[in-house]
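Colleague: Please construct the entire structure, taking both the sequences and the accompanying hints into account.
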Amino acid sequence: MAKIITDVVCPFCGTLCDDLEVKVSDDGKEILEVYNACVIGTEKFLHSQAEDRLTVPMKQDEEGNWNEVSIDEAVDYTAQMLCNAKKPLMYGWSSTNCEAQSAGHEIAELCGAVVDNTATVCHGTTLIAVQDVGVPSCTLGEVKNRADRIVFWGCNPAHAHPRHMSRYSIFPRGFFTGKGHKARKMVVVDPRSTDTAKMADLHMQIEQGRDYELLSALRVAIRGNPLPETVAGIPRETIQDVAETLKSGRFVVIFFGMGVTQSLSKNHNIDIAIALTRDLNDYTKAAIMPMRGHYNVTGSGQVLGWQFGFPFCVDLSRGFARYNPGDSTSNDLLRRGEVDAVFVLGSDPGAHFPISSVKKIAQLPSVCVDPHYTPTSAVCKLHMPTAFVGVEEGGCAYRMDNVPIETRKVVEPPEGMLSDEGFLERVLARVKEIKGVA
Amino acid sequence: METVTLTPKEQPELFIDAENITPNAFAGKNAAEIAGLSVFEGNQTQTLGQYFEVAGKAGATAEETKIVIKGDVTKVKYIGMRMNGGEIVVEGSADMYVGAWMESGSIHVKGNVDAFSGTGMKGGEIEVDGNAGNYLGAAYRGDWRGMQAGTIRVHGNAGSDIGTFMNGGTIIVEGDVDVHVGTHAEGGTIIVKGNGKSKIGGQMVKGEIYVFGTIDVMMPGYVYREDVDLEVDGASARFALFEGDMGERHPKRKGQVTYGKIYQKY
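Sequence order for the protein chains is A and B.
Per the numbering used here, residue 1 is the first one in the first sequence, and the count goes up by one each step.
Per the numbering used here, residue 1001 is the first one in the second sequence, and the count goes up by one each step.
I should point out that these hints are in silico values taken from the structure, not numbers from a laboratory.
By construction, the Cβ of each residue, glycine as well, lies at the ideal position given by its N, Cα and C atoms.
Do not rely on the hints blindly, as some may be mistaken.
Here are the simulated lysine-lysine pairs, DSSO-like style, with alpha carbons at most 27 Å apart [claimed, not checked]:
1) A:K359 / B:K1075
2) B:K1009 / A:K86
3) A:K381 / A:K86
Far from chain A, by Cβ distances over 10 Å, these chain B residues were calculated [to be verified]:
4) M1001
5) T1003
6) K1029
7) A1035
8) E1041
9) S1104
10) K1122
11) K1206
12) Q1256
Chain B is nowhere near these chain A residues, computed Cβ spacing over 12 Å in every case [unchecked claim]:
13) V9
14) G64
15) Y323
Modeller: Here's what the structure looks like:
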């Protein structure tokens, strides 16, 4: 008889769906089926059962051959690498729990490292903007129960956050939104006709890289000031229409993604979007929220925030925390040759960083901690496999609206497998030994 | 005025933080004492003498001290940070944060400077013969006070985000600039002798931007007002005056609304 575990939290995207049900075998070792999750979430659970899964650390020798090593050797190599470096980079942290992040930060503090998370190539610009101008935000529960004007700006939840629209933003019937999606107006701003855009009441097919101008134009329209005939390829009348639609709503929420955070204008796109939200609050209630990607990238920002005061790219090399995106961000450090060791956990820069940065990782002493064999492991000197957080290990994760949710363990990891936190604790102990601190 | 000469001898493996290269830190010290000042390479504390030959001696005060760096210091950050009087000449290129938060004195870089030069500058002069990077004369992250006074002159081009949150002082770029000029500015003057790109004066509350060349796309919040004849940085010409950013708040003073101004040369 298989048993069903309910209220399981999905460790894939920032939506952090908490209504999954997982059918496991009687002995609790095998996942048979996953209910309620999207295809990507389901795959995340089922992949932990893959037969070709890595279970032992692998180290690359001088000639580039991979050999199995013991966990003790992996711990020692990692600790020695971090202790010997003048400025090690500890990157990733978004696909692990807050407990592991906290343990990692302790190592970083002892070694004078730079700690950076995936926000650096994703919503880091949002965090810069929030620091510049503040943010009026809300929780996803409020969106479900109250929001009747939804804007998706430069994001495609239909593919990137598959259950976002059905759980929170478009379809659900909430306390004050009893008619569900019939009572909601959906505006999508995207240069492409995405699957999300196809569902919208209004799709503003904007010229690439002109988001800043269009957001500015919306602010001008809300203030009732004159506008040029077209802005960013959108006619004046449409812009004024959208401004009216937003003003007439009871609760406006702007969701935005990497279409604005990582295209021309970057953080300024977000600070003007926040300014637009602030302007809308003169007429109605409005909030803005980033569509965070990794399930716990928000948590990494939170943990870094309460430990060091900054949400990403924290430079601890001088013994105090410094933060300046453009100087202390991973790609700038790698590209300019400012770091001499790289430690990666819970992310895959090998697949997502520019090739100039990846080449630098390949030249440096480097460690990759990941349940999977990834493009990052291919360029690192040591690959340390660990248990899947949210599948084989519990722990705290933050949803995209900054709500902490405790993830659940559903199956046992393969025998002898360490968790991220367990591995980091052992590295920390070894670092303390090498540095001679109690 | 006494002169201290620094000659780079050993390139650092990584980059060094050298906020001690200022007339203030050097004042009243001889060459040996200056060579003993600390610099930081990653998490290692080193001495200035490890990377530079130090010759000459400093004056009694910052005002009486001139520092000459003979050569490229492209791996040295924070030259002239928080300097308060005196003079620095770099006979090559420098890295980030040249003259950040400087209060008075002058810095002359004969090569290029990288990003964040003149960050939060409060006074003094920076002259760059080559190009400047991004965030020239801008605010530090999270600060609403960018450059407040002083002058920055760049003979080459400058990057993006120059004069962000600027509220005083003058930035002159003789070449071209990248996107975002004077974003969030609440004062100050930016003169671009070459071409601008888009997003000039976005969210600007107050201040003036002069563009001698082209502007790719004007921000939608700017309204053409009139033509004016002006003398700007030694050049007389006719300019079209635009006021904005109409999407942003604008304070009223004695019944008059203050706007940001963009002057574009005909």
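Colleague: Given the hinted pair B:K1009 and A:K86, is their alpha-carbon gap at most 27 Å?
Modeller: holds, 20 Å
Colleague: Was B:E1041 rightly flagged as not at the interface, with every chain A Cβ beyond 10 Å?
Modeller: The claim is violated: B:E1041 sits with its nearest Cβ about 6 Å from chain A, within 10 Å.
Colleague: Holds or violated: is the Cβ of B:K1122 farther than 10 Å from all Cβ atoms of chain A?
Modeller: holds, 19 Å
Colleague: Verify that the Cβ of A:Y323 lies farther than 12 Å from every Cβ atom of chain B, and report whether the claim holds or is violated.
Modeller: violated, 7 Å
Colleague: Is the claim that A:G64 lies outside the interface with chain B correct, judged by CB distances over 12 Å?
Modeller: holds, 25 Å
Colleague: Do the alpha carbons of A:K381 and A:K86 lie within 27 Å of each other, as the hint requires?
Modeller: Holds, at roughly 18 Å.
Colleague: Does the no-contact call for B:K1206 survive, Cβ to all of chain A over 10 Å?
Modeller: Given a closest Cβ separation of 16 Å, the condition holds.
Colleague: Take a quick look at B:K1029 and tell me if its Cβ sits farther than 10 Å from every Cβ on chain A, holds or violated.
Modeller: holds, 23 Å
Colleague: Does the claim that B:A1035 lies off the interface hold, with its Cβ farther than 10 Å from every Cβ of chain A?
Modeller: Holds: least Cβ distance 21 Å, greater than 10 Å.
Colleague: Please work out if A:K359 and B:K1075 have their alpha carbons no farther apart than 27 Å.
Modeller: holds, 20 Å
Colleague: Take a quick look at A:V9 and tell me if its Cβ sits farther than 12 Å from every Cβ on chain B, holds or violated.
Modeller: holds, 33 Å
Colleague: Examine each Cβ of chain A, and state whether all of them lie more than 10 Å from the Cβ of B:Q1256.
Modeller: holds, 17 Å
Checked against the numbered hints above, the structure breaks hints 8, 15 and satisfies the rest.
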